[in-house]
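Colleague: If you read the sequences in order, they're chains C and D. Its first residue numbered 1, the first sequence is counted upward by one per residue in this note's numbering. Its first residue numbered 1001, the second sequence is counted upward by one per residue in this note's numbering.
Worth flagging that the hints you see were computed from the coordinates, not collected in a lab. A few of these clues could be false.
Simulated restraints on C-beta separations [to be verified]:
1. C/L14 <-> D/M1078: 46 to 56 Å
2. C/E90 <-> D/E1033: 38 to 48 Å
3. D/E1063 <-> C/T32: 21 to 31 Å
4. C/L141 <-> D/G1064: 31 to 41 Å
5. C/Y104 <-> D/I1030: 53 to 63 Å
6. D/K1074 <-> C/F286: 53 to 63 Å
7. D/K1074 <-> C/Y104: 52 to 62 Å
8. D/G1064 <-> C/H33: 46 to 56 Å
9. D/E1063 <-> C/R247: 34 to 44 Å
10. D/E1035 <-> C/S285: 17 to 27 Å
11. D/T1025 <-> C/Q60: 45 to 55 Å
12. D/E1033 <-> C/G58: 35 to 45 Å
13. D/E1033 <-> C/R247: 33 to 43 Å
Listed next, the in silico SDA-like pairs over lysine to any residue satisfying Cα-Cα at most 20 Å (straight line) [as the list claims (entries may be wrong)]:
14. C/K236 <-> D/E1071
15. D/K1080 <-> C/K236
16. C/K236 <-> D/I1059
17. C/K10 <-> D/R1062
18. C/K236 <-> D/R1062
All figures in this text were calculated on a predicted structure; none of them were measured in a lab. Ideal Cβ placement from N, Cα and C applies to all residues, glycine included.
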Amino acid sequence: MRQHKLALCKEHYLEWVPEQTERFIKKYEMFTHEEKILVAVSGGKDSLALWDILHRLGYQADGLYLGLGIDEGINYSHESQRLTEKFSDEHNLKLHVVDIEKEYGQPIPILAEVSHRGYGKPCAVCGLAKRHEMNRIARDLGYDVLATGHNLDDEAAVLFGNTLSWSSEYLLRQGPVLPASDGLARKVKPLCRFYEREMTAYSLARGIEYIYEECPFAEGSQSIYYKELLNQLETKRPGAKLTFYLRFLEARKRGDLFIEKNIERAHLHSCPKCGQPTSTEDLCSFCRMIEKTQNTVITQ
Amino acid sequence: MIQSYRYRDLLSRHEMVECFEEGVTLVKLILREKEYEVKPGMTLLSALQKINIVPESVIATREGEMILDDEILKDGDMVKLIAVISGGSCHCEEWRNAPLLAMTGGYYEM
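Please build the complete structure, drawing on both the sequences and the hints.
Modeller: As structure tokens, then:
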């Protein structure tokens, strides 16, 4: 892991990931062992890995799977549900399953078509439905916190997109924890500092069977494009994604984003040699440099 | 059925003949349903760069075990590349533009 300047064998890697997750849970005050956690699981590597990690750390974590009714010839929803249920059975974990078609009469693609939302893709309706249902189940069943498997690559891609468009409203809300408010459960992202590659490695090393196929509607999505761009950057500059995200969180916490700082103007005086304004005590930086090079020439 | 796309441009005719004459078996890298072939003896990182795959976007396994970027690929190796980028519906860009839920009073999150 060049980004951490760390190399671990499989055995220690499988210890390191939960240790780091616990560290992030405490650092960002996500939840405690006394609280009931609802994990949004999709059958993908991140959500199943998160559920696995929380279980290993001894948290009270139940799963919630939303059946979106996405087929598109590859039985996507059916397969993802099968893998989620297999995981919960193997680990003896409680899983709630909500089928959107059973609850609301139509699967997501049809709801999107009928409601004319999303410009031919159901993603807007899918996101809306998931947020609504995740909160409804968390609220109705008395869960204290809702956890999602968003990883660093997800966060960095969203941050990148929000920065490109300077979406200040979203930027000010993005982070590892979204506090609870009236009728809304606290939402947390315990994996937000793990690279997607690290979570894939964790899932493979743990033998977690997850759905490899992407959502058929994800093709051509902007988030994937941004992830690819950021991966190219990361290849050249290991640690770039993590720095990008962490420095953003620090700046947001300090209140540095979108606020004009009251910068105290430095006291300026004229350079005794060239007369140009300078904040340094004696010669300006340029004159000092010239003097240094001239002295070096004389010495030679 | 896996369809094989042999990227012959990556290996010149001369190189392929050379491999054949030396009795060397090419290294196969498989990503989803695409197959790539490279000469043995290079690192995984070099092989990925040669076939224009960003190393950060995949995890490589050989005989079921993960291998690192500095692993030297040997004669006849078959390397499976697992794409790590996920783009399921919950990650799609479009959800960001969905209108705020009236009941949330402005609460909007990923």
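Colleague: Look at the Cβ atoms of D/K1074 and C/Y104 and judge whether their distance stays inside 52 to 62 Å.
Modeller: With Cβ atoms ~55 Å apart, the hint holds.
Colleague: With the threshold set at 20 Å, check whether the alpha-carbon distance from D/K1080 to C/K236 stays at or below it.
Modeller: violated (23 Å)
Colleague: Range first: 35 to 45 Å. Now tell me if the beta carbons of D/E1033 and C/G58 are that far apart.
Modeller: holds (41 Å)
Colleague: Do the beta carbons of D/E1063 and C/T32 sit within 21 to 31 Å of each other?
Modeller: violated (43 Å)
Colleague: For the pair supplied as a hint, C/K236 and D/R1062, confirm whether the alpha-carbon distance does not exceed 20 Å.
Modeller: Violated, at roughly 25 Å.
Colleague: Check the following: the C-beta atoms of D/G1064 and C/H33 are separated by a distance inside 46 to 56 Å.
Modeller: The hinted range 46 to 56 Å is violated for D/G1064 and C/H33, with Cβ atoms some 35 Å apart.
Colleague: Is the gap between the beta carbons of C/L14 and D/M1078 within 46 to 56 Å?
Modeller: violated (25 Å)
Colleague: Using the C-beta atoms of D/K1074 and C/F286, is the stated range 53 to 63 Å upheld?
Modeller: Cβ of D/K1074 to Cβ of C/F286: about 58 Å, so the range 53 to 63 Å holds.
Colleague: Assuming the hint says 33 to 43 Å, is it satisfied by the Cβ distance from D/E1033 to C/R247 or not?
Modeller: holds (39 Å)
Colleague: For the range 38 to 48 Å, tell me whether the beta carbons of C/E90 and D/E1033 fit it or not.
Modeller: Because 29 Å falls outside the window, the suggested range is violated.
Colleague: Compare the distance between the alpha carbons of C/K236 and D/I1059 with 20 Å, and conclude whether the hinted pair is satisfied.
Modeller: With Cα atoms ~17 Å apart, C/K236 and D/I1059 stay inside 20 Å; holds.
Colleague: Taking 31 to 41 Å as the stated bounds, is the beta-carbon spacing between C/L141 and D/G1064 within them?
Modeller: Distance hint for C/L141, D/G1064 holds at roughly 39 Å.
Figure legend: structure checked against the earlier numbered hints; hints not met, in rising order: 1, 2, 3, 5, 8, 10, 15, 18.
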